[in-house]
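Residue 218 in my numbering sits at position 218 of the sequence shown, with consecutive numbering throughout.
If you are wondering where the hints come from, they were derived from the structure by calculation, not from laboratory data. In this text the structure is predicted, and so the values were computed from the model without any measurement. There may be inaccurate statements among the hints.
[Said to hold, decoys possible] Straight-line distance between alpha carbons at most 27 angstroms, and here's what the computed BS3-like set of lysine-lysine pairs gives: (1) Lys140 to Lys125; (2) Lys57 to Lys140; (3) Lys140 to Lys213; (4) Lys122 to Lys213.
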Amino acid sequence: MNLSLIVPVYNEQDNLPLLFEAIDQTMSTLGRTWEVIFVDDGSQDNSLPILTQHAEKDPEHVRVVSFRRNFGQTAAIAAGLDYSQGEIIILLDADMQNDPSDIPMLLEKLDEGYDLVSGWRKERKDNAITRNFPSMLANKLISSVTGVELHDYGCTLKAYRRPVLEGFRLYGEMHRFIPVFANSVGARITEVVVNHHPRRFGHTKYGLERTVKVVLDLFTVKFLVSFSSKPIYLFGGTGLVLMAISALLMLYLFFRRIFFLVGVTGSPLFQTSTMFFILGFQSMLMGLIAELLVRTYHESQRKTTYTVRTKINLDKHD
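Take the sequences, apply the hints, and build the full model.
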C-alpha cells in the first residue's frame, strides 16, 4: 500500500457523502495504491451507517474503525495509524473544510525529499474571535517554545512518511504536536498553503477551552522532546538554581549579621533560604529517580536513543 488517508469522524453525517465524492475524484487521478481509513469517534448521528454503506460499496479502498464512545481526535488519529498500511500517511478532517484536492500538492512536496508537509490555512474561514485569534496565538507560542516554525499547527491536513510517525504514542490533544515529535527524530519539514472552506453542515466541536489544553500539553511536549532522555538536566538544573538562590540569601543574612548585628534566624529570609535549599535538594533527587526510570525504559525495551535515516551495505545486520 502506497498511500493511507486517515479521517477522524464525529457526527458528520451530512458532510460524508460530499467527502466520499471529493476523495474518490482526487485519489483516482494519482495512479497510486491507496486506502482511506475512517475512524468513527463514537458518533451519535448516522455517520457510522453511512460509513458502513460506503465501505461495502468500495471494499478495495475504504476501511472503517468504530469506537465504542467518543475518545477524541487524537485517539482517532492514533487508531488510524495503527490500522493503516501505507508508506505515506495523510490526515484529513471530515467536515469538508479541508480540501482533498490539495493532496496531490502535498505529495509533490514529499517527492522533493521532505518527510512531513504541513497544510497552512492562510485564508481561514472560521470565526475570527473564537477560533482564528486563539489559534494564531497558540501557533506562535508552540513555534517559539519548540523551535519548529509552522504557521498552522491546528490544520489537520498534513502528509507524513511513515518512519517519522514511529517511536511515539499520541495522547490527550497531542496530534497537533506531531511535527514537533517528527522534528525530534530529524524529519525534514515544510509547509504549503492549502484551501480552507467554511463549514456547510454541522457545527464545530472545539471552543476556547481547547486553547487551555494546548498550552498544558505544550509543557508535556517540551519535556518529552528536550528532556526525556536526560531528565536530570531539567530537575537538576532547577535544583541548582534553587540552591544557588538559597546560598545567596544565606550569604546576605550573614553579611547583615556581621556588619549590622541583625539576627539571622529571626528574619523571614532565613526560612525562605531554608525552603529553597530543601526544594532544590528534592529536585536533584527527583532528577536522579527520573534518570533511573529512563534507563529502565530504554534498556527493558531495547529502545535506542537515536534514529537512523538510511543504511548502506548493512542489510545483513537487519
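Do the hints match the structure? See the list:
Proposed proximity of lysine 140 and lysine 125 is supported: the alpha carbons are some 19 angstroms apart, at most 27 angstroms. Straight-line distance between C-alpha atoms of lysine 57 and lysine 140 comes to about 44 angstroms, which puts the hinted pair past the 27 angstroms bound. Note on lysine 140 and lysine 213: the hinted pairing holds, with a Cα-Cα distance of about 16 angstroms set against a maximum of 27 angstroms. Between the alpha carbons of lysine 122 and lysine 213 the distance comes to roughly 23 angstroms, so the proposed pair stays at or under 27 angstroms and holds.
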